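Novice: Start from chain L and add chain V according to the hints.
Heads up: the protein sequence lines correspond to chains L and V, in order. Here the numbering used here is used: the first residue of the first sequence is 1, the next is one more, and so on. Here the numbering used here is used: the first residue of the second sequence is 1, the next is one more, and so on.
Quick caveat, the hints were computed from the structure, so don't treat them as lab data. Careful, some of the hints might be misleading.
[Claimed, not checked] Pairs of lysine-lysine, DSS-like flavour, derived with a Cα cap of 30 Å:
(1) K186/V / K208/L
(2) K72/L / K14/V
(3) K186/V / K204/L
(4) K208/L / K231/V
(5) K183/V / K42/L
(6) K511/V / K498/V
(7) K350/V / K362/V
(8) K198/V / K131/V
The structure displayed is predicted, hence computed values, not measured ones.
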Amino acid sequence: MFDRRLIKFFDWGLLGLTFFIGFLGLAILYSAVMAEDPGPQKILCIKQLIWYSAGLIVMVLSFLFNYKLLGKWAYAIYLICIILLIAVLFFGTYAGGARRWLILGPVSVQPSEIVKIAVIIILARYYSKHLHTSGLRLRELVTPLIFTLIPFFLIVNQPDLGTAILLILIAGSMTVFVKIEKRSYIYITAFCSILIPAIWFLLKEYQKQRILTFLNPDLDPLGAGYHIIQSKIAVGSGMIFGKGFLQGTQNILDFLPEQHTDFIFSVLAEEWGFVGSLVVLLFFLLIVVRGLTIAYGCRDTFGTILAGGITIFMFWQIVINIGMVIGLMPVVGVPLPFISYGGSSIITLMICIGILMNISMRRFLIE
Amino acid sequence: MGKYLKTADSDWFKQRLIVAMYCVIAVFVVLICRLFYLQVIEGEELRRLSENNCIRLQSIDPPRGLIYDRNGILLVDNRPSFDLSIILKDAKPINNTIEKLSKYIKTNLDDLMPKINKSKGISIYKPFLLKRDIGRDALAVINAHKYELPGVEVNVVPKRHYIERTAAHLIGYLSKMNSDELKSGKYPGCAIGDFIGKFGVEKACESYLRGEPGGRQVEVNATGQIVRILKTVDARPGRNIYLTIDLNLQQKAEKLLEGVAGAVAAMDPTTGEILALASSPSFDQNSFVNGMSHKQWNALISNRLRPMGNKAIQGEYPPASIYKIVTAIAGLEEGIINKDTTFYCQGHYKFGDRDFRCWAEKGHGRVDVVRALAESCDVFFYQVGQKVGIDRLAWYAKACGLGSATRINLDHEASGLVPTAAWKKRRTGVAWQQGETLSVAIGQGYNLVSPLQILVLTSAVANGGIRYKPLILKTIETAEGEIISDDGFHTKREITGKLPASRQTLEIVKKGLWQAVNTGKGTATIASIDGIDISGKTGTAQVVGRKQDETSDEQVVASHLKPHAWFVAFAPSEDPKIAVSVIVEHGRHGSSTAAPIARELIKTYLSSSRVVE
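Same shape as in the complex, but just chain L (with noise of 0.2 Å):
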């Protein structure tokens, strides 16, 4: 029953990544916890830890089963997640003027993280079925746009639009990865220069200078700006080689804010230097490219678009995050995978690491 061939093409080598950018992540997540405020603040470090352990655990369970089942239960999957996300809108707990959480029993989860993958993988099966070499034609594309739309408004609602935005830049990606119709960026192209100003024009006042500024942080000296600034001088700050472990000052009390979080980079780089970070963004590439071969090597058409927009996925949250944090990018709430401390997160990646591990140990499967 068992097939021996599941264990000689298991993915080892994503494994010993994924164990390797996790201790990193728990070494950097302790010395940004340590400059904040050693007593209260530790048992971060150990949340983080459990959150591991968990996340190995539905890691396994991600890969024990046949992936093309994911396929199947694809609606089912993505209705559950709906479900929480309306939830949230409801039963959510109010946090730094959001309701994002959901408070199951002893942990508080982010329905808005798992909601990701139900998406990349209800739209791998839709675009298994329906893609062409030619590429998606406009009608073929109303429903997806209908399956990504429906979670962004809730997102976009609790608010939070960096998550929203990441959303929507994975489908997107995905799409576009999948080959659109020459005649559909055509007319999309047309529509959006149409909507864009459109909608411009119809906006508040109040609301454009909350556009302008999310492009711009310079605009908002005292908030998003000042942070770009600190965090840029962190980084910087770290040269070549970096101050070392525990060494950073930047980090030190409230000049960055939620460096345990979302500028956790900074304090990496600030730390580790130049050569510091051009490892860990190595090994950050390495997932990546280890993604786009489990793609490759698959072969059918779920298993690859899966593969390949799970590894679009990680690709933007990790670019998105370090972009930021270099002042590259808007400031957006988006957690740098693996290293930012975060329940919800750590699963999720868990999960998207189990997926590429189901499908690279069941590519000798034939349909």
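Specialist: Coordinates of chain V only, in the frame set by chain L:
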């Protein structure tokens, strides 16, 4: 479907995956280049900036909105206060710096050190407040020795200043925010220790007055001195507020109340604008801003005369004879009496087995409703009240605005009490006694009203029956002088109800009030002035503890058991411009203590050129 469509298979994807791979690598190269730029090329400069956390944020407090009276006379402004702070990171060696500092500002070292030791856990990069308002002399000394005092900074912070020391209860005061207020979430952007409005208009209009803080990004050197200002966001000053009160009248009211416990409220009966709102004894608003000792605070809150309460809106008193206005309206509207109905008063009225007295022991003889109001005949109103019945009487009282808040835009307004039979049963478990209706009819018994409620009622009688919401804000302006119109109806005339009385009924009541002041036998002749046509009504509210049939020998009664003195008035009787309500606690007779106050206020207001136009 077109046969040119070919299903995509995994081989077809290989080409696309290779392209994707290149894209990914390209993006990572961009990230690496940027890191190289920041960490290697700019590294040295950014390392320098990081050494002392050189780029810092300073907040700029917005100047709080000013408060004016109705004629634009400034009542409350802000004056600069020099606050001394220290940034612990820069102030090294700390002990040395503090020692010098204590010498320069002539403050005991023992006063400063504990504060510093307590500051553990606060960011060492953030200014930590050592002493507020050190004064210009100390400022000059510190500036002269600036370089011996690293990390020490003096910030000019606007501090609230109550110029005229007037209308303390209406204007209110600022005080430091506490943790409960922080948790309430009503003060976004404020921290514990910030000054917020705690009472009166300062509290009610907090969101208008506060403004929005700004800030600047600055670069500092190793000793914490500002090298340059990188960016500035200006603070938005708070809105300026014009109150409806007339400073001249307000000060007059406060002067007249000096030495007694009581309250005065005056209103323009045609708009509902409050012209004066005074409560006595009062307190010094500036002492809240400057900070007061525990002893001072305890003295304030334990004072038996309750200086911290605004008696004009929070005080609840039996309405006494003022209530006869309500009883008269009820009797006339219910058809129980008309303007010609008379009752005979022989100084007392026997009801059941009790004898209800009239205040005039010898009696008033045969009186109609106008004379009964003018001479405040109790016996007349005992009989009217008895015939109307308690629940109908309560209905009229409520329709006159008693028993519910007037919705003035201030906290802690008392709503008073209008008793009904059901209320008493619910409250005490004992059924209503017929005799109690008689007490209620002359404003004794369970009735409770605030001076403001009575003022609204008086205004309504004066203006032909319209009850206005008492307004305290005339206009709200931006710092640039632009009037803000969308202000949630705080400044707009608003009708809250109409008196349950026809024109004829009101004419009769007004005639009674006119005769009270202007005929020889009226109870309020003391209020009359040459040249001004005043109408009014006295009231003498028995204090709990004395019964109707106890001795009323004034010499025997202890001062805290003396009755409260009421007087309400409006003038000119036709086309009224001002209505006044006065209460003097334990002032004995409305006619002797309260009426002269009302008279002087009306004289002051009507003789000022602004009203005559």
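Novice: All the hints need checking, so say for each whether the structure fits it.
Specialist: Evaluation of the provided hints:
no., hint, result
1, K186/V / K208/L, "26 Å, holds"
2, K72/L / K14/V, "25 Å, holds"
3, K186/V / K204/L, "25 Å, holds"
4, K208/L / K231/V, "22 Å, holds"
5, K183/V / K42/L, "26 Å, holds"
6, K511/V / K498/V, "19 Å, holds"
7, K350/V / K362/V, "15 Å, holds"
8, K198/V / K131/V, "22 Å, holds"
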